[in-house]
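Colleague: Listed here are the chains, written in short residue letters.
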Amino acid sequence: MTEWWTYSPANFLMFSARTYYRLFERHNAALWPGQFMALLAGAFVFALLWRRPDQRTTRIACGGLVASWFIVAIGYFWLRYATIHTGGRWFAAAFAAQALALAWGGVVRPQLEWEAKFTARSRTGLGLLLFSILLYPLVGRLLGRPWMQAEVFGLTPDPTVLATLGLLLGAKRPPWWLWIVPVGWGLFSAMTLWALHAPEALGMGLVPVVCVVLVFRSRCAQVVV
Amino acid sequence: MIPGNPFSISVSSTPSITRREALQGFVVIGATALLGRLGAADLRPNPLLTRRIPASGEEIPVVGLGSWITFNVGDDPEARAECTEVMRRFFGLGGRLIDSSPMYGSSPAVIGHGLAKLGRAQDVFSAEKVWTSGRDGAAQIEETRRRWGVPGFDLLQVHNLDNWETHLPLLFEMKAAKKLRYVGITTSHGRRTAETEQIMRTQPLDFVQVTYNAADRELEQRLLPLAQERGIAVIVNRPFREGALIKAMQRHPLPAWAAECDCQNWAQFLLKFIVSHPAVTCAIPATSNPAHVIENMGAAYGRLPDATMRRRMIAHVESL
Chain A
58 MTEWWTYSPA NFLMFSARTY YRLFERHNAA LWPGQFMALL AGAFVFALLW
108 RRPDQRTTRI ACGGLVASWF IVAIGYFWLR YATIHTGGRW FAAAFAAQAL
158 ALAWGGVVRP QLEWEAKFTA RSRTGLGLLL FSILLYPLVG RLLGRPWMQA
208 EVFGLTPDPT VLATLGLLLG AKRPPWWLWI VPVGWGLFSA MTLWALHAPE
258 ALGMGLVPVV CVVLVFRSRC AQVVV
Chain B
988 MIPGNPFSIS VSSTPSITRR EALQGFVVIG ATALLGRLGA ADLRPNPLLT
1038 RRIPASGEEI PVVGLGSWIT FNVGDDPEAR AECTEVMRRF FGLGGRLIDS
1088 SPMYGSSPAV IGHGLAKLGR AQDVFSAEKV WTSGRDGAAQ IEETRRRWGV
1138 PGFDLLQVHN LDNWETHLPL LFEMKAAKKL RYVGITTSHG RRTAETEQIM
1188 RTQPLDFVQV TYNAADRELE QRLLPLAQER GIAVIVNRPF REGALIKAMQ
1238 RHPLPAWAAE CDCQNWAQFL LKFIVSHPAV TCAIPATSNP AHVIENMGAA
1288 YGRLPDATMR RRMIAHVESL
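Chains as they are written, first to last, in our numbering: chain A, 58 to 282; chain B, 988 to 1307.
Not one of these hints is a red herring.
Label-pair restraints from in silico Cβ distances:
1) A:G91 to B:R1188: 52 to 62 Å
2) A:L200 to B:S1306: 34 to 44 Å
3) B:R1209 to A:T143: 32 to 42 Å
4) A:F273 to B:R1209: 44 to 54 Å
5) B:P1240 to A:L157: 53 to 63 Å
6) B:G1106 to A:L200: 35 to 45 Å
I should point out that these hints are in silico values taken from the structure, not numbers from a laboratory.
Yeah, the Cβ is synthetic: ideal placement off N, Cα and C, and Gly gets one too.
Isolated chain A, as found in the complex (with noise of 0.2 Å):
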């Protein structure tokens, strides 16, 4: 790309706001009423990490995302966001990745834990966890769009996103595999609400560098401890 500094993110969006959110509108006329057994799932997620939190539960609530993002990789990206976007299956093939990478570094060889004790980081990371499987799809309709177009955890990317950095961020150590596509997916969603004007862009965008930063104190802490 020849003369780069004259782009900026709305000159790579392909698609309008309206064209957006009607994806998701159809994507949840597709999978009604599965976004009630989504929200279930998720509330039993955190419900699990609330009361119990160590390695069992860890790998269980692992077990729920490894689904969540084949779920959004196949139903959302290969065969939804791929028709409006010419990267929609290179997406796919991310999520997909990091759903075998969750598979591995948590449910076959979990290398995540949460500790037993509430610390202010997994305070965070459940906290996380909650707005994205709770209070996530009411934000559309708190910005005037209709309940059709809510984006819900585990059939959609930004609120699956956002629960798994919650889940990263509440981890004692997670692998640093495992924040690359759900930090990369943050930040290029931030860009491409920003491009649409969609007031969530600014979230969509400080969640995941809050949360590497976070992480990055807590490691660099235990390091001079």
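Please arrange chain B on chain A, whose structure you already have, making use of the hints.
Modeller: Coordinates of chain B only, in the frame set by chain A:
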């Protein structure tokens, strides 16, 4: 039309204007009037404004239809129906040239859907692009042709000059084999102007597509005069800066003197400014709104601004 000037505007005396197109003049004025944008005094017949393609003498309407973002609606049946309605009105008002690219996601397929629904595959002036960094241009062109559902393209352009050294020979070869009528290159946002000029000077291009509007006029200095000198038709993209320019203008009332060149709204004001440049062949505003296509096509009818009026338009836009 000024004899001998390939860039002059054609009016009803030219053989290319059919009775059907003349009738379409009534239709556009009538449709706009119904939308409350014209007074009774404006209800008069107007010929469709066309420009000659220097390479062939063929005439095309001065307003075409772009498809970047607006036609990329995927397989959404509701949105596809709206795009088809946009195309129906566009053709109904005399429009012919539709521009797209493999980079525009589902836009080529949505255009193909509309053409099939309307039975207009034979009428469209199809302007497509090749956009690949590899040597698979021919395969991409064939895939895009299949999505449009047309027997062949009228115009193929190298998208954003990407890999033009590879693609231009292929396009010239297709033209020589009569599988393609015209060859062109595109750029936008005023990028790679020097390289565009160099290609225009050295390659036998039929078309060049560039960004030009009342707020982006750098090309008036060199590139547009060069196109006139070399006999290259000019397609203008981003006439409204993807809507930003027209939104900025719509915060202000349309000046009364705009009526002197039959501009009834800001869309026509901005489009008539563009197509009145003697080097410009066609502007390609993109919309998915059927009402907007009527406004846009209104710029292909009535009087165009002369040089004095153009200066006044520039001063007015700059003052806002």
